[in-house]
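Q: Protein chains in written order, with the numbering used here: chain A, 1 to 184; chain B, 1001 to 1288; chain C, 2001 to 2294.
By construction, these hints were calculated from the structure, which means they are not laboratory data.
Glycine is no exception: its CB is placed at the ideal position from the N, C-alpha and C atoms.
There could be a bad hint or two in this list.
Unchecked claim - Okay, the calculated bits of chain B under chain C, using three or more residues with CB under 8 angstroms as the criterion:
| no. | segment |
| --- | --- |
| 1 | 1027–1033 |
| 2 | 1156–1169 |
Said to hold, decoys possible - To be clear about the criterion: a stretch of chain B counts as covered by chain C if any three or more of its residues have a C-beta under 8 angstroms from a C-beta of chain C, and this derived list gives those stretches:
| no. | segment |
| --- | --- |
| 3 | 1042–1050 |
| 4 | 1081–1093 |
| 5 | 1257–1271 |
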Amino acid sequence: MSSNTRKIVIAGVMGAISIFLGATHLGFIPWLAGAALTIMHVPVIVGAVLEGPVVGLVIGLIFGAFSLLQGAIAPTGPTDVWFTNPLVSILPRLFIGPVAWLVYSAIKRFNEATALVAAGVLGSLTNTVLVLGVLGLYRLLPWSLIATIAVTNGLPEAVVAAIVTLAVVAAWKRIESGRKGSTV
Amino acid sequence: MNTASTPIVEVRGLWHTYLAGTPLETPSLRGVDLCALRGETVGIIGPTGSGKSTLLQHLNGLWRPQRGEVHVCGLSVNDPAIDLRVIRQQVGLVFQNPEDQLFERYAGDDVAFGPRNLKLGREEVRERVREAMEQCGLPFSFKDRLTLELSQGERRRLALAGVLAQRPQVLALDEPTAGLDPQGRLELLRILRQWGKDGDRAIILASHNMEDLAELATRVYVLVAGQVVLEGPPEQVFERTDVLVPAGLSVPPAVEVIQELRRRGFTVPHAVLTPAQAIRQIEAILHA
Amino acid sequence: MPEPSEFELSGRVTIGQYLPTGSVLHRLDPRVKLCMGLLLIVGTIGTRSLLGLAILMAAVLFGLRLARVSLRFALSGLSPALPFLFLLALLQVFAIPQHVAGSAVVWRWRFLVATTGGLFAAALLVGRFCVLVLGISLLSFSTNTTELTHGVEHLLIPLQRFGLPAHEFALVVNIAIRFLPILAREAERLMKAQASRGADLGRSGGGPVTRARRLLPLMIPLFLVSLQRADGLVEAMEARCYVGGKGRTHLIQLRARPVDMATLAACLGLSLLAIGLGTLGADAWLLHRLASHT
């Protein structure tokens, strides 16, 4: 069972990774039309899977707060300015962790690797859907465009999140999955 | 040109400033000259912050010289037209705590990472992985083990194998024995000595651990605050406690004992560096 | 192939700088400063009046003067955003239809229509952004991280009644901030090590799977090293008998002085004023008065 101290430290460390990925742009994979695929939400998912929904919520809060600050202080694209609104940057991100944890816990008993993939995909989609949803409700973007972005950006981003989540957590927890040996 | 006397690694007048142009800039190398011939093992001693790592990272093109020249294996690191990947294959750089860089789930795949990046064929990759693992004292059957389940010593050797699998001509190592237990350390030094026996290769070893250099190096540079303050064979350099001690470096215990014996009037030949050699000399004195 | 200078990450991770000028503003209670920051954010977002924004901007500029921060330096923080801001403003003016009562068409070219409503919305957008950036910068210039986390922790104490662990939360933020330079060093080392093995992290091309895989040589070790350090920190904390925040005392006590409360009250007043001007349609009234004079 994980101690409170451990939860605090993991929340802090994963939060730091999320900030770091955002601040150095290592967390951005260039994608179509200038919008990038981000992995800044992966530490949220990893933290939630390892330490539970509350930790996931806190890391999500840190991620959101940083994206607000980044939008205000060092925007890298025209869309960053929208994130100065906490309803766009912070509120949706609070849900990534809990959703990832729920999915992971539900599927874990069948197959842990699949549970990790699902957590990655659904955690990422939560981010995509909720952020775009808020932008739509504010009428900052027309709904038709939102649907397109959700597909062209949201789906690949979910795939990336799944791959990284699985790779990191499987390595950390020494989970074997798929092939049983090296390909050499 | 006599290739035997052309250095395989040559650094001339190298200057480097960290974070140049920002308010946080700090000079890390100030006019360093260094060279290594084929078949040599060159040691770089220096306290932390002396610029050893920066110097090493110039050797495989991770840094382009801001001022000064660096030549490795006949290629110039200064040349903007040079494909750095060629240099990085020729000069294998092993970082401190290299086991941190392992990322593949299975051990064999991690060793294969380097050769695969060189776009080699499947059979060639397999052969290189086998050769590299065996050079590092790891049985080829380890390739199917989970990387993280190996012990720290095994993982360090695995990381080393990953570099050797690229078949570099020069091996540059930054604090290779840091954090290893005595047995692991001796094993690693044995592996390096064996690899360096090939007369076409060269090893550059940076450490603040004098004992490692005493075991392997044929020539030693002392780097303090970005400048070379001493250079020469280890037995000569280790005599210069007047330079070493103020710099925060201490001589290996075996050498200290021998130096003390000399001070007390015993005749001991100068080339005594390792504990084994020291023991032989002490035994000779006791039986005389 | 990433150029060598791309490996220098440590210089880039600055979440707003701290400028210790020792001014009056620096000596204010950090809790008060945080509240003022929040009030500013609320006021800026909540106001629909350009006049209101102007008042808030004046307050921020005054604050910068008080903090002895060079205006030029502070304004330079806006420069990276200017091109995008301009684009967004153009977008507001032309692309997004504004149905503001009494809005007149100001300019027309083919299908591009600029209305006063659109111009107004664009001005609000730019204004809000500028006030927010300068305001948050002012907060960071005048408060160091220790003060900030201390302040956050104390502010959250009332929420403990609802189950929010203030101390724990502040500690999380503290750990995160202090871990950043460590991360930068580790990431730099890992990038260099993998590049030395021929990894090409800067390459583009390929579908999402390929691109994700290309990141793994950096991401996996980065996470693993971080998790290992986290384990070490937990051990260190527990070895020092850390048991959490219940009944925990502080070496440095925060005390609000009259000047702190006065500044807070002033800030509250300004924010309410800005929002009020917006709701009451002060801008329209002002324009109307100006128009009737010309």
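Q: If a hint holds in the structure, say so; if it doesn't, say that too.
A: Structure-based check of all given hints:
With 0 residues carrying a beta carbon less than 8 angstroms from a beta carbon of chain C, the segment 1027–1033 of chain B misses the three-residue requirement, and the given coverage is violated. Taking a C-beta to C-beta cut-off of 8 angstroms, the segment 1156–1169 of chain B contributes 3 residues in contact with chain C, enough for the three needed, and the coverage statement holds. Coverage of the segment 1042–1050 of chain B by chain C is violated in this model, with 0 residues showing a Cβ closer than 8 angstroms to a Cβ of that chain against a need of three. Chain C is given as covering the segment 1081–1093 of chain B, and this holds because 7 residues of the stretch bring a CB closer than 8 angstroms to a CB of that chain, at least three being needed.
Closer than 8 angstroms: that is the beta-carbon criterion, and the segment 1257–1271 of chain B has 0 residues meeting it against chain C, so the requirement of 3 is violated.
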